[in-house]
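> Starting from the given sequences, assemble the full structure and let the hints guide the process.
For the record, the sequence lines run as chains A and B.
Its first residue numbered 1, the first sequence is counted upward by one per residue in full-length UniProt numbering.
Its first residue numbered 1, the second sequence is counted upward by one per residue in full-length UniProt numbering.
Calculated from the structure, these hints are not laboratory results.
Please read these numbers as outputs of a predicted model, since none were measured by experiment.
Glycine included, C-beta positions come from ideal geometry on N, C-alpha and C.
There may be inaccurate statements among the hints.
[As the list claims (entries may be wrong)] Residues on chain B that point at chain A, a partial pick, calculated with CB under 8 Å:
hint, residue
1, G2
2, I4
3, F5
4, V48
5, M52
6, E55
[Unchecked claim] List of simulated lysine-lysine pairs, PhoX-like, C-alpha gap at most 25 Å:
hint, chain 1, residue 1, chain 2, residue 2
7, B, K17, A, K283
8, B, K98, A, K386
9, B, K17, A, K446
10, B, K98, A, K449
11, B, K56, A, K449
12, A, K337, A, K356
13, B, K47, A, K386
14, B, K47, A, K449
15, A, K62, A, K80
16, A, K386, A, K337
17, A, K148, A, K201
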Amino acid sequence: MGGVEDDEPASKRMKLACRELKGNPNDSLLSEPSFGSSRDLMARLLQSEEDEVIGSKGVIKKVEFVQIIAKALYSLGYKKSGAHLEEESGIPLHSSAVNMFMHQILDGNWGESVATLHSIGLKDESTVKSASFLILEQKFFELLDGGKVMDALKTLRTEIAHLCASSNQLRELSSNLVSFSHGASVGSSNQVNLRAKSRPKLLQELQELLPPTIMVPERRLEQLVEQALTLQRDACVFHNSLDREISLYTDHQCGRDQIPSRTLQVGTNGEVSLKHKLSGHHKPVSSVSWSSDDGKLLTCGVEESVRCWDVSSGECLHVYEKSGPGLVSCGWSPDGKSIFSGVNDRSICMWDLDGKEVENWKGQRTLRISDLEITRDGKQIMSIFKETAILLFDREAKSERVIEEDQTITSFSLSRDNRYLLVNLVGPEIHLWNIDGDINLVAKYKGHKRTRFVIKSCFGGSEQAFVASGSEDSQVYIWHRGSEELIGKLSGHSGSVNCVSWNPVNPHMLASASDDGTIRIWGLNSHLQQHKKLQQVHSNGGSMAAAYNGRT
Amino acid sequence: MGRIFTLDLEGNVYSCKYCHTHLALFEDILSKVRFLCKHGEAYLFDKVVNVMVGEKEERNMLTGMHTVVDIFCVGCGSIVGWKYEAAHEESQQYKVGKFILERFQVLGPNTWSHDDGSDVED
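Next up, the structure:
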């Protein structure tokens, strides 16, 4: 033991302090306010070290840094290393009071643990109350499980009652007494139903309740590392890989090679081939809609009719039309049992598969040129209903929401998670709107060209992190969704690119349709191509062919 | 060809005489001034839709030098009038940002019943 030496002041002093505290558990803690908080004690002892910072920016406190490392070592199961670190650094993971508290919980010294709780240095009274409640609740249940009903009742009355947040809580606990004694009298207590949780579990719950300055939260180091990795990933504008591995050794930064930039195929000779030509419409086909199972396709002839086709056979299954007004858009209900269609009298109607009109929403719901989108839960229907506004109406709740724009809207598309809408404006400009909860404008994308045509855009890439659009200057434009940065302009077409579609399962493949009469498939600029099945591409490439060259 | 985007107007519509694409509404005429151009009458509109603009030009008109852009119907590309981008004289500033549709190029209601000292221009 001997004297305290200069080069090891903190740890030795801590040990002395511990012994002092342990010696008088019941009185000194409460009767000597100057030593009441062991945290104060530790603070005073470590004053010189507490302000020490490390790292190039000088924002990391050394004490905190070492503590979360020690915590991580313990979490990983390296108890010896953790203890060694505490000793070698002289920075204990927990104050002695907290250590004592933890032991008391694990040993079941309820009364003492509650007392220690008061001296740990908690500023918030309600935390003390909640923690005390948890501890005593454990005591209550353990007594019950041990068959000590009278003791449990006494605990409930004298110790727990005043801590209950509501009379409901008290009633719930009391009911345990009743059911216990009931079970006992019936004699079915050979199957012991333990109500108390394990003590380590209790400790974990208490840890979550106590502020992080008292007890370092579990897995804090992992959390910080994950935050850094997430930030790196979000900052990586070219990030478009399927695999989720990011190394800790270097900052993550993808190169442009992950974005489609090379034409793989022009026209329908190649990996993507023509499957069917669907003939029947007499008017140009303005829109298509795939059923959820990709088995059927709806097509809409402008101001004419909607046709339903079987994808594998190419056969026309049904023609939907109204006597009088023409149909202007089409969309599948997610359950595949109904079809929605915009009408040129501005209404929207719903048919069952046999062609019977089951619903009709009158009034100004859509325009002659408008997309029609239905959310995956089948509840919300979206369409352009005014020059500068999109209507989102919930057909179940019969409520309506509106997106108001500052310029004329030409088209829009819904994100896969149904939380965002990508709106194309005459500008040309593309606006990204959040429609989940409050409606608000999130981002704007510019650079492409448009004067005459409806130019479509879409989400795409891994986690739909990109926005792609056609352009009247014959190029395909790609922006990074989060940063609004234009990251790619794909050249190759010799006419206005009217429509683009990013493969939903292959983030490295994109299709575009142009006034030059061709479809181009774009892929990565590397010779190592992943072979993808035709079906997956077909669900996007096919839809553009139908819509834009007026061919069936 | 791609799908041409056009807006449909409701009311007394002026439309392109070749392809009938809607261009403007009677209500949007700024009626104080009567315009004349070489093909006849022309009307000044607050708002015109479904047009594309050409290159900026300095044009000397009856009322002075102006910076204008020609406007073309998006449906068929025929010229239907012009838009005032800038006016060099103070008194002509009211025209800036407004559109002229030449009566000869459009189908629609005839106007000009009032004769209360309206100016003749351009």
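> Which constraints among the numbered hints does this structure fail? Numbers only, ascending.
4, 6, 9, 16
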